[in-house]
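If you read the sequences in order, they're chains A and B. The C-terminal position of the first sequence is numbered 197 in my numbering, with every residue numbered one higher than the one before it. The C-terminal position of the second sequence is numbered 191 in my numbering, with every residue numbered one higher than the one before it.
For the record, the hints were derived by calculation from the structure and aren't laboratory data. Ideal Cβ positions, reconstructed from N, Cα and C, are used throughout, including at glycine. Please note: incorrect hints may appear among the correct ones.
Claimed, not checked - DSBU-like cross-link-like pairs, simulated, lysine-lysine; straight-line CA separation at most 30 Å:
(1) Lys154(B) to Lys113(A)
(2) Lys180(B) to Lys169(B)
(3) Lys169(B) to Lys113(A)
(4) Lys173(A) to Lys154(B)
(5) Lys169(B) to Lys190(A)
(6) Lys180(B) to Lys15(A)
(7) Lys173(A) to Lys126(A)
(8) Lys190(A) to Lys161(B)
What the hints assert, rightly or not - Calculated from the model, a selection of chain A residues having no Cβ within reach of chain B, i.e. all distances over 10 Å:
(9) Gln55
(10) Asn61
(11) Arg63
(12) Ala64
(13) Ile69
(14) Thr76
(15) Thr111
(16) Glu155
(17) Asp158
(18) Ala183
(19) Ile189
Residues per chain, in single letters:
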Amino acid sequence: MAKEKDNSFTKLVEPHLNSLYSTALRMTHNLHDAEDLVQDTLYKAFRSINQFQQNTNFRAWIFRIMVNTFITAYRKAVKQPMKISYDDMEEFYLYKRLDETVSLQETSKEEFLENIFDDDIKNALESLPYQFRLVVLLCDVEGFSYNEIAEIVDAPLGTIMSRLYRGRKLLQRYLWKYAKERGYIKDEFSQKT
Amino acid sequence: MSSAKKHEHYNCADIEALAQRYVDGQLNDYENRLFEEHLEYCLPCDKKIQFELKLKEIVHIKGREMIPDEKLKLKLKNLFTDLL
Numbered sequence: 005m006a007k008e009k010d011n012s013f014t015k016l017v018e019p020h021l022n023s024l025y026s027t028a029l030r031m032t033h034n035l036h037d038a039e040d041l042v043q044d045t046l047y048k049a050f051r052s053i054n055q056f057q058q059n060t061n062f063r064a065w066i067f068r069i070m071v072n073t074f075i076t077a078y079r080k081a082v083k084q085p086m087k088i089s090y091d092d093m094e095e096f097y098l099y100k101r102l103d104e105t106v107s108l109q110e111t112s113k114e115e116f117l118e119n120i121f122d123d124d125i126k127n128a129l130e131s132l133p134y135q136f137r138l139v140v141l142l143c144d145v146e147g148f149s150y151n152e153i154a155e156i157v158d159a160p161l162g163t164i165m166s167r168l169y170r171g172r173k174l175l176q177r178y179l180w181k182y183a184k185e186r187g188y189i190k191d192e193f194s195q196k197t
Numbered sequence: 108m109s110s111a112k113k114h115e116h117y118n119c120a121d122i123e124a125l126a127q128r129y130v131d132g133q134l135n136d137y138e139n140r141l142f143e144e145h146l147e148y149c150l151p152c153d154k155k156i157q158f159e160l161k162l163k164e165i166v167h168i169k170g171r172e173m174i175p176d177e178k179l180k181l182k183l184k185n186l187f188t189d190l191l
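Here chain A stands alone, though its shape is the one from the complex:
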């Protein structure tokens, strides 16, 4: 009987292991904590599998457990959201900056995106305040819908959309900053940083 439970749980969990691990790593910033977070999540999920209703969304269910585990374990460690200036939170931030860049006229903007280093994307994601990071990861990297994210994070839909909006704008701002630091952007910009 116990073996049966073990097998069916393995089958349910296995397709999501990489997603859980990937999100855990982006949230905790290091391999060791990510492994611990996934382990804790799996233990809790295994113990409360009876509460999972068959034929409902297992992926969202187990992500919710991981998010709760993360928030409980890291609440003290997680810094208070830093004060962020939202002055540059305009729509299409990165597109507009690239559009103004004379030295990029020869290259297409899509080409610019394709040339961004994996590490720059990862660093930009990890630099986001954790509430924003979480929704951007769940939406853009893991492909959850707004309703699923609202369920996982236990926040209203409006809050999810607003965090996603701000998170993405910040992400674009970081990518723009990295591009300048790496010397992709050769123009002198005195105001837009």
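Following the hints, complete the assembly by docking chain B onto the known chain A.
Here is chain B on its own, set in the frame of chain A:
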């Protein structure tokens, strides 16, 4: 956002207001139709939206991490057998 629905056609400001939901595939059929109709004749909006879609795709691909080795994968897979 709901005010956008009053128009028979979307203007550039509507596109900007609805961009996030479009990129995330969260518009309803009616909104989606009006949105794409605008992109067909407005090149500047179309270019911006194509850029946002591409950026989302890049984040999706490059932001993901794979479990580094089979050993860890196996460990995670078998971890609850200890509980039995």
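Here's how the hints hold up against the structure:
no.: 1; hint: Lys154(B) to Lys113(A); result: holds (10 Å)
no.: 2; hint: Lys180(B) to Lys169(B); result: holds (21 Å)
no.: 3; hint: Lys169(B) to Lys113(A); result: holds (17 Å)
no.: 4; hint: Lys173(A) to Lys154(B); result: holds (18 Å)
no.: 5; hint: Lys169(B) to Lys190(A); result: holds (25 Å)
no.: 6; hint: Lys180(B) to Lys15(A); result: holds (14 Å)
no.: 7; hint: Lys173(A) to Lys126(A); result: holds (15 Å)
no.: 8; hint: Lys190(A) to Lys161(B); result: holds (23 Å)
no.: 9; hint: Gln55; result: holds (16 Å)
no.: 10; hint: Asn61; result: holds (17 Å)
no.: 11; hint: Arg63; result: holds (15 Å)
no.: 12; hint: Ala64; result: holds (16 Å)
no.: 13; hint: Ile69; result: holds (13 Å)
no.: 14; hint: Thr76; result: holds (19 Å)
no.: 15; hint: Thr111; result: holds (13 Å)
no.: 16; hint: Glu155; result: holds (15 Å)
no.: 17; hint: Asp158; result: holds (19 Å)
no.: 18; hint: Ala183; result: holds (13 Å)
no.: 19; hint: Ile189; result: holds (16 Å)
Against the hints set out earlier in the document, no violation occurs for any number.
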